[in-house]
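Now for the letters of each chain:
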Amino acid sequence: MLWVEKYRPKTIKEVVGEKNVVEKVIAWAKGWSAKKKPLLLAGPPGTGKTSLALALANTLGWEVVELNASDQRNWQIIQKIVGEGAFNETISDEGAFLSTNEGKLKLIILDEVDNIHKKEDIGGERALINLIKRKPRQPLILIANEPYNLSAELRNLCEMVVFKRLNTRQIVKVLEKICVAEGIKADKKALEAIAKNSGGDLRAAINDLQAVAEGKYELRLKDVVIAKRTQETDVFKVMQKVFKSYNPAVYNEAMLLDESPEDFIDWIDENLPLEYKGVDLLKGYLVLSRADIFLGRVRRRQFYRLWRYASYLMTVGVQQVKSERKGGWTKYRRPSMWQMLFYTRGKRERLKKVLAKISKYSHLSTKKALAEMLFTVKFLLINEEIEKAAKIAAFYDFSVEDLNFLVGEERAKELEDFIKKHNLHRVDESVDVFDAFTIEKKEEKKEKKEKKKSKEKEEKDEEKSKKKGKKRKKSKDLTLDFFS
Amino acid sequence: MIDAIVTGEVLKAITKAMVALVSEARFHFLENGLHSRAVDPANVAMVIVDVPTDSFEVYKVDEDTTIGVDVNRIYDISKSIKSGELVELKVEDESDLKIKFGSVEYSVALIDPSAIRKEPKVPQLELPAKIVLNAGEFKKAISAADKISDHVVFRTTEDGFYIEAEGDVDKITFFMSDAELIEFNKQEARSMFSVEYLKEFIKVAGSGDLLTIYLGINYPVRLQFDVANGKVKVEYILAPRIEAE
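Sequences listed follow chains A and B, in order.
Counting from 1, position 254 in the first sequence corresponds to residue 254 in the working numbering; the numbering is continuous, with no gaps.
Counting from 1, position 120 in the second sequence corresponds to residue 120 in the working numbering; the numbering is continuous, with no gaps.
For the record, the hints were derived by calculation from the structure and aren't laboratory data.
One or more hints might be untrue.
[As the list claims (entries may be wrong)] Covered by chain A, according to a simulated footprint, are these stretches of chain B (three or more residues, beta-carbon under 8 Å):
1) 83-96
2) 112-124
3) 130-143
4) 218-224
[Said to hold, decoys possible] Taking lysine-lysine and the BS3-like style, the derived pairs with C-alpha atoms no more than 27 Å apart in a straight line are:
5) LYS100/B with LYS231/B
6) LYS139/B with LYS80/A
7) LYS189/A with LYS6/A
8) LYS135/A with LYS147/B
[Stated by the list, open to error] Sample of chain B residues with no beta-carbon within 12 Å of chain A, all distances over it, derived:
9) THR66
10) VAL169
11) ARG190
12) ARG241
Cβ atoms here follow ideal geometry from the backbone N, Cα and C, with glycine treated the same way.
With the sequences and hints as input, model every part of the structure.
Following this line, the structure appears as structure tokens:
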């Protein structure tokens, strides 16, 4: 049996952690009513979030419904379990009926909520928010490692309690207790080594202890040969090492980050000017630009081995060019680029749509459409007389939003009105741009619809058959091309 | 070792009853028949399935045996069996269950029973009202309630049995008088329940099956279905909704 499970705290008194954190949670539970916000326990792994929640339920005699990370878990299941579990009374695992009227509650624990969100199911988070807004009648605890991966709305609906990494002393204390219970005589130095190596993650420390000590009677310092635990570092720590030290080992740490080099370069880029000044800054950006060249090559050639050089340059490269060790503490910022990208997302997507239309109707690649056609179209739309401009707009099948984006609202409205008034629109099979615009009557429209429905259908209209002939010819040409 | 032969409808009824609440369950092959029970993951409802030995065509069990079953899988398989067709269930070495019908033999891997959630005890509930009715009528009432609300009220008075659902604007009342009910002890009771669960429960019953309801006041309800021509007893226990003050 895993010691982590075996020695999980049974009551809230046994939970190791900051006093005020534990007290906050107890206060929340003691006076629990449906009016209270759900609790959001946030903090790095191995700091006792789940243990505290379970111990709490155990202490108060609440039934527990725990949903932890597993592949079977998706938002639908969560919605069902939380949605039903939180609004109904309880039948316990033992088979007893527990009534809230008698104060017998059921604690619903949603472990690792921030991880579900990543499964590209944004509507799911919405569903959870709606559930919480309906005021669950049973206590609910959400647990997350990275609460800021959750939406602000969800966070605000919860009462957040932040857990900090445990210090070495706290961890050693727990390890000592376990050793006593297991009948192992342990050297305190050995336990300290394990605790330090765990980086404030009690679960990791206990697992390491079990690995080296299980089945032994004595544990000495030299027995502790654990591979250096890959601690979870965060991007801020790595940046600190890049900017302030000369230790090239930072490369390895950067590799452990949950950021790809393509994201990490933005971090360095954003914070470089906060640290380096003058010649250092220049040199720093020179190295960084080189790293960027590698990233570009990776993307173009899909040759990911080059990432290594990019990562090395942006960490150790930037680190080594400084003229002197930096001291003090700097407040690093999130890459403003990301925010910009977020704000301009709507615009970029609109541009993509416009380019797709231009490339489709002018028979260009989108790249060429951007380089050669976009500004021409824009210019014509703005400066041509209204009739011609409107025809161009109709030719490209631009929507009102497209026009707003291209020429501004005022002109867009003019064009749109003109188009509506004269009922301009594209006729697909046209070859000549300006012949395509006939002011259509309703009848013709109907025919067009019919044609879409059954292309095989015989055409009575002369004009139509002519067009069809053209089309046939076209497809013939295509096949010829294909075979030749 | 287990060797049993049943009709397709019995196997289907057993698995259908279980899948309404759980995806894995322990099946106990006992001296007096097959027994299984489980609580759903939200701890709101419980299912109990009993199939007496008489319902099997052949029932040979050397000693009491418990197997862990992926009920979803078996339910899927049982869907392709005709209701009158005979199915042979065989467990030889506790690692897999063989399901044989016609010329097909499925071999389904079993789950270690200890890996499945702890089994509940059957709760002792004091439920004053007892109602026996045609499951088909009950089905109709629940399906109708499902259209307008997510919860229903079960209520008994001296006159009979009411099922009431209230939507934002609509209201549905289902009433069966004492005379229409097959059996009724005229006790008063009232509780509210989630339609979400009832909806799943009613799937197990056919329109001719008997349903016995035990109802209390803000207390769980027991729904006992006799399905597959009375060969399988399925009982659901559902905790009531917490009513907003």
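Status of each hint after checking the structure:
1. Remark: the stretch 83-96 of chain B is not confirmed as covered by chain A, as 0 of its residues place a Cβ nearer than 8 Å to a Cβ of that chain, below the required three.
2. Proximity of the stretch 112-124 of chain B to chain A, defined as three or more residues with a beta carbon under 8 Å from a beta carbon of that chain, is established by the 6 residues found.
3. Residue count for the stretch 130-143 of chain B with a Cβ under 8 Å from a Cβ of chain A: 0. That is fewer than the three needed, and the coverage hint is violated.
4. Note: the stretch 218-224 of chain B has 3 residues with beta-carbon separation from chain A under 8 Å; the three-residue rule is met and the coverage holds.
5. For the given pair, LYS100/B sits about 20 Å from LYS231/B by alpha-carbon distance, which is consistent with the 27 Å threshold.
6. Proximity of LYS139/B to LYS80/A is assessed by CA-CA distance (about 22 Å); at most 27 Å being required, the pair is judged to hold.
7. A hinted pair counts as satisfied when its Cα atoms are at most 27 Å apart, and LYS189/A with LYS6/A qualifies at roughly 24 Å.
8. At most 27 Å may separate the alpha-carbon atoms for a hinted pair to count; LYS135/A and LYS147/B meet this at roughly 23 Å.
9. For THR66/B, the shortest C-beta to C-beta distance to chain A comes to about 17 Å, beyond the 12 Å cut-off, and the non-interface label holds.
10. Distance check on VAL169/B: its Cβ is at least 19 Å (rounded) from any Cβ of chain A, clearing the 12 Å threshold; non-interface status holds.
11. Listed as a non-interface residue, ARG190/B keeps its Cβ farther than 12 Å from every Cβ of chain A; the least gap is roughly 14 Å.
12. Separation of ARG241/B from chain A is inadequate, the least Cβ-Cβ distance of about 5 Å not exceeding the 12 Å criterion.
Violated hints, listed in ascending order, are 1, 3 and 12; each of the other numbered hints is respected by the structure.
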